[in-house]
Amino acid sequence: MQSTIKKENGVLNVAVSGRLDTVTSAELKGKLDEIEYENVDIDFDFTGVEYISSAGLRLVIALQKEATETGNKLVIKNINKVVAEVFKVSGLDKILTIV
Amino acid sequence: MKKFLKPTIRKKIVLLSALLSILLIAVSVTVSSAIFVSRIKKDAQTQCRTSCEMLGEYLSELEMQTTVSGSMAPFITYYKQNLNDIYANNREEIEEMSLKEINSPDDLAEKKSFFTELTSGLFGSGMMGLSYDKSSFRNLYPEVLAEMERLASAEGFINCKVFYYDAEHNNMVFMCDSTYTTSVTYSYPGSIEKTDEKIKTDVILKGGVADFSLDDYFMGYAPVVIENETVAYVSFKYSIDHLVNNEKEFIWMLVGIMLGASVVIVLVYLFLADRWLMKNVTKLSDAARKFTSHMNEGEIVPVDAEIRTNDEIKDLSDDFFALQNKVAAYSEDIAKKSAEEERILAELNIASKIQLQSLPDKPLSTDSARISSFIKPAKEVGGDLFDYFFTDEGKVFFTIADVSGKGVPAALFMMRGKEIIRSCAKAGMSAAKIAETANAELCKNNKEGLFITAFIGVYDEKAKRLTYVRAGHEQPFLLRDGVAEKIGEESNALLGVFDDAPFISETLEIRSGDKILLYTDGLNEGINEKNEEFGYDRIKETLENASGEILAAAYEAEKAFAGAAEQFDDITMVLFECVKSDTIALHSPTYDDIPVVTDRINAFVQGLDPHKISELDVILDEILNNYVSYAFDAVKKPQIDIEARLDRDVVQLSFVDNGALFDPLQQQTPAATNVLDRQGGLGITLVKSLSDSIHYRVFEGKNHLTITKTLKG
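Chains as they are written, first to last, in my numbering: chain H, 105 to 203; chain E, 7 to 719.
I should point out that these hints are in silico values taken from the structure, not numbers from a laboratory.
Just to be clear, a hint being listed does not mean it is correct.
Here are the computed distance ranges between Cβ atoms for each label pair [unchecked claim]:
#1 V179/H / A566/E: 50 to 58 Å
#2 V179/H / T596/E: 31 to 39 Å
#3 T716/E / V179/H: 49 to 57 Å
Cβ coordinates follow ideal geometry from the N, Cα and C atoms, glycine included.
Go ahead and model the full structure; you've got the sequences and the hints to work with.
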């Protein structure tokens with residue numbers, strides 16, 4: 105997994121690619137924890153994400169909960185077929201903002 | 007209570023003694039009381055007779071005197087004559103009054119009044135006007151009455167009467183009576199009684215002294231003879247009851263003494279029986295009990311009852327002691343033998359293990375095939391064998407075989423057979439040649455006549471062709487397109503019987519996904535509690551419906567069928583599958599192993615739909631994550647064996663782990679109403695959704711999870 109995280113104009117741009125699984129989700133969480141991103145909108149770019157497993161889903165769920173509490177937005181962009189299928193199976197497609 | 011009711015010999019002796027003494031008492035009391043009563047009767051009779059004679063004689067003598075001192079005239083002559091006058095004149099009235107029943111004091115008073123009136127003239131002018139009673143008579147004949155009373159005063163006498171006989175009317179006419187005038191039975195002078203036939207015959211007609219034994223008294227009769235003429239009669243009444251009653255105390259005392267004596271006799275008898283018989287029986291029984299209680303503690307020590315009498319019990323005791331000694335000797339012998347047996351069993355056990363270790367314990371994966379095996383040995387060392395490997399020619403060899411019989415000979419022969427077949431196969435011989443060579447070798451020095459049934463297969467991967475020989479072995483099943491059918495209908499000879507037997511092989515074109523199950527008769531001849539065999543139909547059915555691992559499914563089906571029935575024969579199976587396969591063993595897995603496994607599986611399924619492969623990766627991530635996070639908390643050497651099989655575009659992943667038994671399919675997936683609050687259950691939900699099928703079973707104490715997924719876009 106590769107990831108780039110940038111904070112611009114009150115928006116946290118997170119670009120992820122590769123596998124978002126047990127190991128890489130923990131890595132990503134570690135990276136996010138290092139940055140102060142409180143009270144910002146999050147813009148997830150999933151271009152190049154091969155798949156997401158439940159560990160990745162839990163990270164996304166946690167971020168979505170925080171955003172909802174602070175009144176911020178979380179947007180996920182450019183998901184592939186597999187990620188869309190996983191979001192659908194888990195019911196997250198109804199809650200997340202996927203564009 | 008049960009112990010109390012136990013019919014011991016002692017109790018039987020007591021019971022018998024008690025019965026005996028009761029019988030003794032009954033007999034002696036009966037006999038002695040009979041003797042006693044008859045003696046009393048005899049005494050009474052004698053006394054009665056004597057009294058009769060004495061009174062008769064007295065009255066006769068009295069009559070001989072011209073005058074009686076103090077009396078008015080001779081008793082019989084005067085008194086009887088006067089009384090007879092009165093009787094003759096008033097006979098009908100007298101009869102009526104005499105025979106009248108006395109039912110009340112009034113009746114008695116009437117009777118008394120009548121006879122007083124009747125005889126008032128008889129007892130002299132001086133007596134006129136006086137009421138009649140015995141004293142009137144006493145005044146006239148004091149000596150007569152005194153003598154009567156004297157005689158009647160003896161114990162048991164009821165009364166004494168004097169009467170004469172009126173032959174014309176058969177009446178006894180009473181002259182005097184020694185009893186009280188107030189008595190109902192008092193016979194008034196002048197009163198009558200009808201004469202009893204026996205008295206008439208024996209006394210009156212024969213004129214002798216007689217006595218009669220009636221129900222509860224005697225009657226004695228004697229004539230009063232004056233100058234050879236019977237003028238009157240005397241009678242004495244004597245009570246038997248009275249006498250017997252008087253002697254009752256004595257009888258009771260007698261019974262008491264006898265009872266006491268019997269008790270003493272029984273006690274003495276018991277004491278002696280106990281001393282002489284029971285003591286020794288008890289001693290013997292104690293010795294026996296001691297011996298068996300020692301025996302229960304695992305010690306065999308003969309116990310001598312030490313009986314010193316020279317009777318049968320002594321013989322029995324001696325025999326018993328000898329028997330104990332024999333048992334002790336025999337047990338020692340058996341103990342030695344069983345120790346020896348145990349040693350042999352232990353060695354056999356080791357032999358059995360060595361035998362199993364000589365068989366392949368891992369599946370063999372080739373480019374396009376996979377061979378795996380299963381063996382469940384029966385208790386006894388058996389002769390099942392299987393083998394598989396690459397031949398020197400690059401072909402895949404596999405075999406299953408079963409040696410006739412069981413035990414050490416079968417095991418040794420099996421080892422020999424395995425080595426021969428192995429060396430032939432290694433050298434790259436054809437299936438027929440292997441069979442032929444092995445047969446010839448096994449026929450040599452086979453004096454015990456053992457033989458082997460075998461199925462020998464050589465798979466040519468390039469040509470996708472299986473060449474096989476069936477030598478008397480069970481027909482394997484080919485599972486193709488969901489249908490299982492037996493193959494190898496024609497059988498060759500058994501191995502080790504005819505050294506020149508020809509062996510002809512058959513060929514089978516193998517298609518991707520084909521599965522061939524080889525097995526020994528331990529499977530199809532496995533019996534259940536009703537003694538029914540598992541049979542070929544059930545094998546076919548199991549294969550066609552198997553989910554997950556086929557070998558595990560087949561063994562489980564047989565075990566479920568057998569129930570509690572013992573497994574008598576080894577159950578051995580070899581599975582040939584035409585699938586691409588890969589095996590990964592993870593020891594003490596960590597999160598870092600997840601990408602390694604993922605990469606390897608991705609390489610294994612390379613070329614198939616990438617999206618589907620990504621989904622497979624999600625499945626892998628979820629399952630491995632779960633293993634690392636939860637499965638091995640209390641496990642010393644955690645291990646996961648992962649097998650991947652690829653049949654065209656269908657991949658099957660098998661996970662076998664030694665972690666805590668846990669069925670992930672039983673995990674409750676929470677309702678999706680509030681997805682954001684969901685913590686657990688996401689992973690299994692994804693696995694279930696993304697796989698074609700998922701199967702879990704516990705087999706041989708391990709978790710077996712099998713997942714299949716089609717990797718086609």
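Structure-based check of each hint:
no.: 1; hint: V179/H / A566/E: 50 to 58 Å; in the structure: holds (55 Å)
no.: 2; hint: V179/H / T596/E: 31 to 39 Å; in the structure: holds (35 Å)
no.: 3; hint: T716/E / V179/H: 49 to 57 Å; in the structure: violated (34 Å)
Consistency note: the structure conflicts with earlier hint 3 alone.
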